[in-house]
Amino acid sequence: GGTFEMDMTSITCADITDEKSNRRLVDHLKSEDFFSVVRFPTSKFVITKVEPKSTNEYTVTGNLTIKEKTNSITFTAKVNTINNQTIAEATLVFDRSKYDVKFGSQSFFENLGDKLVYDDVDMTVKLVLRSE
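Residues 118 to 249 (the working numbering) make up the sequence shown, in order.
Rather than coming from a laboratory, the hints here were simulated on the basis of the structure.
Check each hint, because a few of them may be wrong.
No farther apart than 20 Å at their CA atoms in a straight line, the calculated lysine to aspartate or glutamate pairs in the DMTMM-like style are these [as the list claims (entries may be wrong)]: (1) 186 - 132; (2) 184 - 217; (3) 161 - 136; (4) 186 - 122; (5) 184 - 144.
Model, not experiment: these values are computed from the prediction.
Build out the structure end to end from the sequences listed, making use of the hints.
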């Protein structure tokens, strides 16, 4: 088991290189249209099950809470130990519509055309554990 808290104010965009466009998107993601980070500055993940998948890979299941909405998700985590560090990395994919993030979602609105925003969100997590 274990619990991890995410700082939602740290949302970034890694694939838009224009600084102004990047800032505009990040600000919008932090706004009430999406993750409402002023009202909900943190999200939480509680591990409920971990199963070995292959060498250095594990299937992790847990409860993800965003905007006070909780849903179960499952993902693969890669774990490696190098020197005195254990590094766990994963990409979690979750459906934002299950967390009351409605802006541009076809789950809530019809006929959006080119205004559609996909419901699946990728969240990359990297944990570095150091032994002392």
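Please work out if residue 184 and residue 144 have their alpha carbons no farther apart than 20 Å. holds (17 Å)
Residue 161 paired with residue 136 [C-alpha distance capped at 20 Å]: violated (29 Å)
Could you grab the alpha-carbon distance between residue 184 and residue 217 and see if it respects the 20 Å cut-off? Satisfied, since the Cα-Cα distance of roughly 7 Å is no more than 20 Å.
With a cut-off of 20 Å on the C-alpha distance, tell me whether residue 186 and residue 132 pass. violated (28 Å)
Given the hinted pair residue 186 and residue 122, is their alpha-carbon gap at most 20 Å? Judged against 20 Å, a Cα distance of about 14 Å means the pair holds.
Hints 1 and 3 from the earlier list are contradicted by this structure; the remaining hints agree with it.
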